[in-house]
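Start from chain E and add chain X according to the hints.
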Amino acid sequence: MSGVKSERLSGACGASGITDGATGLGAPFRFRRVEPLRGLGDRAGSGARYSQPVSSPTASAALSLSQVRRVYPGSRLALADVSLRIATGEFVSLLGPSGCGKSTVLRLLGGLDMPTSGTISRGLADDAVPGYVFQDAALMPWASVRRNVELPLMLRGQDGAAIRARVDDALRAVGLADSAAAMPRELSGGMKMRASLARALVTAPRLWLLDEPFGALDEITRFALNQTLLSLCQPADGGAPATTVFVTHSVYEAVFLSQRVVVMARPGRVVDEVRVPAPYPRDAAFRTTPQFASLCAQVSQALQRASVAGAPA
Amino acid sequence: MRPARGLARLGVPTLSVAVFLAAWEGGVRALHIPAYLLPAPTLVAATLAANFASLAASWWFTVRITLIALALATGGGVLIAALFALSRNAERALAPFAVVLQVTPIVSIAPLIMILTDSPLATVIVCAWLVAFFPILANTLTGLRSVDANLRDLFTLQRASRWQTLRHLLVPSALPSFLTGLRIAGGLALIGEVGGEFAAGAAGRDTGLASRILESAFRTEIPKMFAALTLVALTGVALYLGTGALSRALLGRWHESERSA
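Here the protein sequences come in this chain order: E and X.
All residue numbers for the first sequence refer to this note's numbering, where the first residue is 1 and numbers rise by one.
All residue numbers for the second sequence refer to this note's numbering, where the first residue is 1 and numbers rise by one.
Okay, chain E solo, but in the shape it has when bound (with noise of 0.2 Å):
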């Protein structure tokens, strides 16, 4: 697997930090390739049909995992020889039972864990820091929702008037305008969740991972919130779409939100993949033409087939 490249980002970028993807962290890492364990990462029997690595054919791959193995202390394996390849401004959904290791490929990817071997390029410069959004919002309890939000901006040494500005343009962004001088407590579970977001959104980001982000939220607040990612990630008025890799285990956000949905399954494997050709902006009409429901089935199928190949024999 020689031949993963970092490409330029291109887009609106300007002077975010995005430098040329030779440099820093766009040039790939090598790992030690250690010998696999015995019994864990098993391929034979039922689960062969999906152990092969399913690989996006598109040449200009923002991130890639290559024959990605992470063990955790105990030998447990949270994932077994993962390759991925996600392309510049692609909006992918990892989807899959709890414990498949879609957690551990998000926090690879932000630089959070190290793989145990394999390779991960990300088409990034050394300083460009992901937007990464987790399952709770993780909100500082103790100060107001501006002030959480500019701390990615505060923690980098930056000050006045600028970052006010762009605080306001995010919370704008995600419906907050009214809500800057909020203490934490005072929101419900959805407006802390678009705290997160803006809070993702003020460096503006060409990197979205989203951790699980909306599962806690009812229904309803839930589609608000993915057409607000939405708008963010894949904004309608002409911007760059930037990188998005968000983790989920509901079928129909992983088709809603994305262009791809990929399917893992225990323990920590990519077993399937469905590609979802509708395009952006999509609303709420979406969810309810045949297409999406088509969709929804074949996504659902492909987990079921996944927990079936994945379940102790």
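If you're looking for bench data, these hints aren't it; they were derived computationally from the structure.
The structure presented is a predicted model; accordingly, all values stated were derived computationally and were not measured.
Fair warning: there could be bad hints in the mix.
Now the stretches of chain X that chain E is said to cover, found in silico as 3 or more residues with beta-carbon under 8 Å [claimed, not checked]:
no., region
1, 150 to 160
2, 168 to 182
Only some residues are given here: those of chain E computed to face chain X with a beta carbon under 10 Å [as the list claims (entries may be wrong)]:
no., residue
3, Arg107
4, Tyr132
5, Phe134
6, Gln135
7, Ala138
8, Leu139
9, Pro152
10, Leu155
11, Asp159
12, Thr203
Glycine is no exception: its CB is placed at the ideal position from the N, C-alpha and C atoms.
The following block gives chain X in isolation, referenced to the frame of chain E:
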């Protein structure tokens, strides 16, 4: 709604204390209890007023030593909690000493401290420090260890410096637990101070309220003993209210523990 609640918050405890004092006064008068057994509240108040000049000097001594010990316990407790949070091995090595000092009753260590320091003042400070130190250490350590894992990841992703992480994540995260520790330590510092004074057994000019209580007991000046005791109790109440007000001022806007308190 609000005025009624305010009345209930202040009025009910005031009333219950007033009823208690009235019953005490009435009981003493009705049963003709002699003042050397149980002085009436009015006699205690009169004795306090008559001896206030001399008692105030002792009071100031007690207050000063308690606050000095509390300040030292706060500094030491926070520093050692930070050390333990940074290094598990430091905690493993030093925790037994902290626990032994905590579980051994202060009155039993005090004579030893008296011999070692050879100074009543130092004995009292060390005693008060020893009892106030542990709750600050334990609570601050709990606070430092309970930082939200996702927020920690966020600071890592944003490449925050150690100083930024301390200032913007660890200190605010640990603050509620630290303040709980401080509330406990405030009361304990006073207990340690009084215990230390009893053990040091010093008499004379440069002594605190506990010495005055002992002195009054020896001379069977029971009303004066009650007057000194009243001042000790008031000091404890002031510490409790003061640390409580500090906690509300710092946490009132955001922390659950101070919500609608």
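Open item on the list: When the structure is checked against the list of hints, which entries are broken? Sort them ascending.
Closed with: Number 11 - this is the single hint that the structure violates.
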